[in-house]
Each structure stands twice: as structure tokens, then as C-alpha cells.
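Engineer: Going line by line, the protein sequences match chains P and B.
FYI, the numbering used here numbers position 174 of the first sequence as 174, with every residue one higher than the one before it.
FYI, the numbering used here numbers position 129 of the second sequence as 409, with every residue one higher than the one before it.
Careful, some of the hints might be misleading.
As the list claims (entries may be wrong) - Lysine to aspartate or glutamate pairs mimicking EDC-like chemistry, simulated, CA-CA at most 16 angstroms apart: (1) P:K86 / P:E114; (2) P:K238 / P:E116; (3) P:K165 / B:D385; (4) P:K171 / B:D385; (5) P:K171 / B:D384; (6) P:K150 / B:D384; (7) B:K484 / P:D92; (8) B:K484 / P:D49; (9) P:K216 / P:D137; (10) P:K165 / B:E408; (11) P:K212 / P:E116; (12) B:K484 / P:E114; (13) P:K74 / P:E259; (14) P:K150 / B:D309.
Stated by the list, open to error - Residues of chain P placed beyond 12 angstroms of chain B at every Cβ, according to the derived structure: (15) K74; (16) R93; (17) A136; (18) S145; (19) K151; (20) C153; (21) A161; (22) K165; (23) K171; (24) T185; (25) N226; (26) P271; (27) G276; (28) S280.
These are computed hints drawn from the structure, not numbers from a lab.
Cβ atoms here follow ideal geometry from the backbone N, Cα and C, with glycine treated the same way.
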Amino acid sequence: MKLRKVTAASAAVLALALAATACGSDNDKDSGSSPSGGSKKITIGIKFDQPGIGQKTPQGYAGFDVDVATYVAKKLGYSANQIQWKESKSADRETMLQRGDVDFIAASYSITPEREKSVDFAGPYLLAHQDVLVRADDNSIKSPSDLNSKKLCSVTGSTSAQNVKDKLAPKANLQQYPTYSACLTGLQNGAIDALTTDDSILAGYAAQSQFKGKFKLGGFKMTNENYGIGVKKGSDLKAKINTALEDMVSDGSWKAAVEKNFGPANYKNEPAPKIGDVKS
Amino acid sequence: MRRLPGRRTWASLHAEAREIVFDFLEGYDLLGAFWTTVQLTLLAAAGSLVWGTLLAAMRVGPVPLMRGFGTAYVNIVRNIPLTVIILFTSLGLNQTLSISLGADDFKTINFRLAVLGLTAYTSAFVCEALRAGINTVPVGQAEAARAIGLSFTQVLRLVVLPQAFRSAVGPLTNVLIALTKNTTVAAAIGVAEAATLMKTMVEKEAQLIPIASIFALGFVILTLPTGLILGWVGKKVAVKR
Chain P
1 MKLRKVTAAS
11 AAVLALALAA
21 TACGSDNDKD
31 SGSSPSGGSK
41 KITIGIKFDQ
51 PGIGQKTPQG
61 YAGFDVDVAT
71 YVAKKLGYSA
81 NQIQWKESKS
91 ADRETMLQRG
101 DVDFIAASYS
111 ITPEREKSVD
121 FAGPYLLAHQ
131 DVLVRADDNS
141 IKSPSDLNSK
151 KLCSVTGSTS
161 AQNVKDKLAP
171 KANLQQYPTY
181 SACLTGLQNG
191 AIDALTTDDS
201 ILAGYAAQSQ
211 FKGKFKLGGF
221 KMTNENYGIG
231 VKKGSDLKAK
241 INTALEDMVS
251 DGSWKAAVEK
261 NFGPANYKNE
271 PAPKIGDVKS
Chain B
281 MRRLPGRRTW
291 ASLHAEAREI
301 VFDFLEGYDL
311 LGAFWTTVQL
321 TLLAAAGSLV
331 WGTLLAAMRV
341 GPVPLMRGFG
351 TAYVNIVRNI
361 PLTVIILFTS
371 LGLNQTLSIS
381 LGADDFKTIN
391 FRLAVLGLTA
401 YTSAFVCEAL
411 RAGINTVPVG
421 QAEAARAIGL
431 SFTQVLRLVV
441 LPQAFRSAVG
451 PLTNVLIALT
461 KNTTVAAAIG
471 VAEAATLMKT
481 MVEKEAQLIP
491 IASIFALGFV
501 ILTLPTGLIL
511 GWVGKKVAVK
521 R
């Protein structure tokens, strides 16, 4: 009797596991479909964890990069439900493009000479600047040099963190965490005075409903970050994406996307950059 | 056979090849980062050897309260992911409770917090390795030692622990190697060790595979000799029974 119960239970578990793996393999098939293959799907790499830029939410994907990528995909002949979104973390971006895991990447991807050695960039489609986010009632940081006496936070290994150490404020007390949200905890309770990275990313955090009115941008424009769309080296997608980006600016969708995603944070965006105009 | 170029040409050829293959290493303090890794390892190893021995003593001791504490500590701490412990030292102890361990800049604070977190975590494993070592000492020896009038601490110090350590060298080596690799978790709170530098380099140079291979090699260079040397030591000091 006991044995039969066990058998029944294990059969149930097995059935569940099979059902689960069946679902899993379906998903695998979707994401595994080769880019630009016959299945008429396009795979796009974005950030999943940056509010305002690229974020995975229960309602779907949202952010400026998502809007740009959707527009570009539409111009390339793919409707919104033919897009397969894939998370591309900063460190994985070049490898994902080289292996062909994604067709293109729009993930706050700054165009730099080092990266151009391994991938090609379409765009730029946004000119961002390194900036600081401070508490709304903190007026002690008026220029970047004020940061030298402050507690600063950024993401481990990020370009922003290196800039602070190398030139912007070498004497600043720099804390590095794996995510921006970890920095925000300290910023909120006063253990940290400023969070630094691209103003577009900061604006996205400041615009989140739970932080509304608590933080403000410094507005320092410390560096130029030219966000481009990464494609595989030598890909013919580059020219097509460039045309799509030009259309996006000229028909007004670009401006609408900027206002929709960064609007609430008092973020003053730069005018749309010209294609191929990389500001150093 | 091709004629070998002169010594000078070899040197310049070599420099050229170096530049092509390793130009992404230019301007990074690789040795400094690994030195921080070594420091983290050694300090946490020393700390966890002391705290782990005390925990083991508690777990085999006669006082129920201490036995309970030792058991609870080991079972709780070794089942919490190290990343959570390390992040807690920074976000919880430092940022929320403003414990700074006597330092005033994040660089020093984070280093000390990382040593604290690694020590707290590794001690649980040291304790269990040592307890296994203690179990290899025949009960008769401890009973005999009690019979001639030694106290609990004396039994432990003079009879049981010396033999326990000698048979625990193998398991303790495993713990030490794991600790060496675990120090990379300190990157989560921004300690400037090898994994942090690797992240920085990958972000800037956009060459994941060559950079990751170099760091993997660095860790093998650190851990391989540890294993070989301590393996030899373990054989040398093993208690022959």
C-alpha cells in the first residue's frame, strides 16, 4: 500500500517534470532560432535591469532602448510580436554579437575605440553624459570637484567608476556595488552622497515611482557617452539601422520616446545626434 | 632550416608579438589586484583557523549551551550564500549600522569587511574539517587523558587537537583553496581584488575570453602550489595508526 503511494507520487512528480521541461524546450526553440533565419523572428539584446533604458517588467519590456529597438525592428520588417528580447549584460555584449546570439544590441552601449575593434556600431542614437544623482535636499555638490570630499557610488568595473578614479575626482571616497539599486539604498539613508553614471540611466532611476522627488541630477556633463546599436563586425544591418534611426528622428518618434522615458526626472536631453557623429 | 635572426631582432619581434597579443593588459595593475587577493586569502585563512578551531572545541565540548551555539552557527552560516554574507557586511553593517571597523575610507572599510565576511563563512567549514579530524582520534585516548586528571581544555590542547590537525590537513587544504577562489566574491562590495579588475578590464577592453583566461590562469597559479605543498605536508605529518 505504502509502496503504491510512493509510486503514484513519483509518477506525478515525473509527469510534472516532463510537463515543465516540455515548456522549457519550447522556449529554447524560440530563443535558439537562428537570427534572420526563415522563422521571421529578430533577436535583440537589451538591458533587463535599467529603468528608463531597458527593463523587464511584469507588463513586458520598457525603456528608451526598447522603444528605439522596436522602431528599428519595425523598419527592418519585423512587427513588435516578432521580436525576441534577450538580456545582454555589459560584459557579454561583444561575445553575444560575435557568436550571433542576437541580431543587434541596444543596451546603453557606448561607442568606444576598444569596442569598435570587435563589433560595429550603428548610430549614435543618444548622447548621454556622466552625471551624479544626489538627494533632493543636498545642495553641497555644485561642481564635479566638490565630489573629491564626498562618498560616491558606482557599479563595479563600470566606465563611470574608472573615470572618477582616473580624472574626475581622484580623491573621492568611491564605493562600488554590483548594481545601481544597491547604491540607491546608501544614497537614501545618507551613507553615500552621490551615485554616478550616465545621466540617462540616473534619470531612469529618479523617474521610478518609489523614488519620485527624492533625488535630483547634478547636471555636470562630465563625459560624452555616445549610445550606439551594436551589430556583428561587417554586418549589412549597420546601414539599414542607420537609415531607420534617421527616420526615427525625422518623424518625431525619437523625441516622443525621450520624453516618455526620461521626462519625469527633470532630465535635459541633448538633441538627437547625427549618425556617425561620435563625440569624444 | 631558417636562419635565426640576431638577438636584437628576436627581442623586438617578441615585443611586437607581446603588443599584439597582450595590449589589453597595458596600464592595469594585475599583480596589485592578485596581491589583494592573496592578502584577503591569508588574513581570512588565519582568522577562520582561529575561529573555526574555537567552534570545533565548542561542538565537542561538555557545555550544552556552547555545543548548541557551535552547531547553530555552523548550520546557519554555511547554508547562507557567501555573496549574501559579503553584501550584508557592507549594506547591513556599514551602510545601515555605520560600523566602519576603525577605518574611514571605503577602500579600507570594504577590505576589512570582506575579511570579516570571509572569516565568518570559512570558519564553519574549518570547524567541520577539524571535527572530522577529532573523530579520527580514538576515544580511548581522550578517556585515558581524563583518567590521569587532565581537564577538558588540556585533553583538547595536549592530546586530541594535535592529532586532529595532523589528519585534517587534507580537508583544510580544500577549504583554503575554496577560500582563495571565494575571495572573488569580495568584488560584490568593490574590494580591488582580481575579480574587480577583471570586470573593469572586460568593460573597457571588450575582450572577455582572453581576459578571463588570464585571470583563471592567475588563480591556478595561486591554488595549484597550495594543493601540492599542503598535500605533501599532509602526507608528512599524517598520524600512522
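Engineer: Which hints from the list above does the structure break, by number from lowest to highest?
Structural biologist: 1, 8, 10, 11, 13, 14, 16, 19, 20, 21, 22, 23 and 24
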